[in-house]
Amino acid sequence: MAGSDDARLPKQVGQPAPHHSAPATVRRRELLIAVSTLAAFFGLPAAARSQVALSSAIDLGAFRELTGILTGMSPSDATLPELFLQAFSADAADLGKLHAIVTEQPETEWDSAVASAGLKPLSESLIQAWYTGSIMHGSEERVLTYLDAFVWHACGYTKPPTRCDTNFGAWANAPPPGRFSE
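Going by my numbering, the sequence shown opens with residue 647, and the numbers climb by one from there.
Fair warning: there could be bad hints in the mix.
To be verified - Label-pair distances were calculated between CB atoms; the ranges are:
hint : residue 1 : residue 2 : range
1    : Gly815    : Trp756    : 25 to 35 Å
2    : Ser762    : Asp705    : 41 to 51 Å
3    : Thr778    : Ala736    : 45 to 55 Å
4    : His783    : Pro806    : 14 to 24 Å
5    : Gly784    : Asn819    : 20 to 30 Å
6    : Gln732    : Pro822    : 36 to 46 Å
7    : Thr754    : Gly714    : 43 to 53 Å
8    : Glu787    : Pro821    : 33 to 43 Å
9    : Thr754    : Ala818    : 13 to 23 Å
Since the hints were made in silico from the structure, they are not lab data. We treat Cβ as the ideally placed atom computed from N, Cα and C, and that holds for glycine.
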């Protein structure tokens, strides 16, 4: 079928584009791709659809940056941002707006810009989720992380139960000099 479609032929320099009076037609391949894409999208489970929508609103790198800006901390577990982003997938477009505000405006204007955009509750929920390690999922609380919740790092003097920063039996030794003052 070579030569039957003028659009595939290279345009010669200096020649005007050919004018077609016939209405534009959709090729079979384009139609099949479009229909299969729509069928696949609407046939996906809700979680997968939200992941597709999420990919257009905010990416993982921007979400990591937003987390660091809002909380002042970075997660120690590299997989946590993806888990938190998935948990906030319904708010992906607003997370993108929030990221734009905190990266494009001076810090002194963040509060008013976030409030005027109606994103204050979302920013507070995101900060609370990172510090507590949990989110509200409907009427139930969903724990995303316990050991790596930012609250443990914010306290500085404590750690979550079951996590030990030293070797077994280290409690029997005297603490290192300067660690505790009396």
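We went through each hint and held it up to the structure:
1. About 48 Å separates the C-beta atoms of Gly815 and Trp756, a value inconsistent with the hinted range of 25 to 35 Å.
2. At roughly 25 Å, the beta carbons of Ser762 and Asp705 sit outside the given window of 41 to 51 Å.
3. Restraint check, Thr778 to Ala736: a C-beta distance of roughly 19 Å breaks the suggested window 45 to 55 Å.
4. Checked against the hint of 14 to 24 Å, the pair His783 and Pro806 passes, with Cβ atoms roughly 21 Å apart.
5. Hint check: Gly784 to Asn819, Cβ distance near 48 Å, so the stated range 20 to 30 Å is violated.
6. Our hint of 36 to 46 Å for Gln732 and Pro822 holds, since their Cβ atoms are close to 40 Å apart.
7. Our hint of 43 to 53 Å for Thr754 and Gly714 is violated, since their Cβ atoms are close to 19 Å apart.
8. Under the hint 33 to 43 Å, the C-beta atoms of Glu787 and Pro821, about 36 Å apart, fit the expected range.
9. Distance hint for Thr754 and Ala818: a CB-CB separation of about 52 Å, inconsistent with the stated range 13 to 23 Å.
Violated hints, listed in ascending order, are 1, 2, 3, 5, 7 and 9; each of the other numbered hints is respected by the structure.
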